[in-house]
Amino acid sequence: MDTQMLIGSTFEKGAETEEPILNPKNGATILNLPEASPAQIEAAVSAAERAFVSWSRTTPAQRSG
Numbered sequence: 000m001d002t003q004m005l006i007g008s009t010f011e012k013g014a015e016t017e018e019p020i021l022n023p024k025n026g027a028t029i030l031n032l033p034e035a036s037p038a039q040i041e042a043a044v045s046a047a048e049r050a051f052v053s054w055s056r057t058t059p060a061q062r063s064g
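Numbering that gives the first Met the number 0 applies: residue 0 is where the sequence shown begins, and numbers increase by one.
In short, the hints are calculated from the structure, not lab data.
Beta carbons: idealized from backbone N, C-alpha and C, even for Gly.
Please note: incorrect hints may appear among the correct ones.
What the hints assert, rightly or not - Label pairs and their calculated CB-CB ranges:
hint, residue 1, residue 2, range
1, ARG49, ALA27, 20 to 26 angstroms
2, THR58, LYS24, 40 to 46 angstroms
3, GLY26, VAL52, 41 to 47 angstroms
4, ILE40, MET0, 18 to 24 angstroms
5, GLN61, LEU5, 20 to 26 angstroms
6, GLY26, MET0, 16 to 22 angstroms
Generate the whole structure from the sequences, applying the supplied hints.
Shown next, in the form of structure tokens:
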């Protein structure tokens with residue numbers, strides 16, 4: 000399964016080691032997801048902060064669509 004993170008408006012793969020995602024019932028590995036690097040985390044937080052500024056200025060009616 001191809002998995003990527005959305006950072007700002009760009010999809011990218013995690014740049015760090017893979018973390019297994021386990022089935023809680025039987026412990027089997029469902030898939031392995033690469034973790035975000037510190038730089039990717041910083042980019043995601045910055046993008047979220049920028050998006051929040053404009054989003055917070057919208058009305059509930061605009062947010063719902």
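### Message
20 to 26 angstroms was suggested as the range; check whether the CB atoms of ARG49 and ALA27 agree with it.
### Response
At 39 angstroms between Cβs, range violated.
#### Entry: Range hint compliance [Cβ, GLN61 to LEU5, 20 to 26 angstroms]
holds, 21 angstroms
### Query
Does the Cβ pair ILE40, MET0 satisfy 18 to 24 angstroms?
Since the Cβ atoms of ILE40 and MET0 sit about 22 angstroms apart, the hinted range of 18 to 24 angstroms holds.
### Query
Taking the beta carbons of GLY26 and MET0, is their distance inside 16 to 22 angstroms?
holds, 19 angstroms
### Query
Range hint 40 to 46 angstroms: satisfied by the CB atoms of THR58 and LYS24?
Roughly 44 angstroms apart at Cβ, these two residues keep to the hinted range, so it holds.
### Query
Given a hinted range of 41 to 47 angstroms, is it respected by the beta-carbon distance of GLY26 and VAL52?
holds, 43 angstroms
When the structure is compared with the earlier hints, a violation turns up for hint 1 alone.
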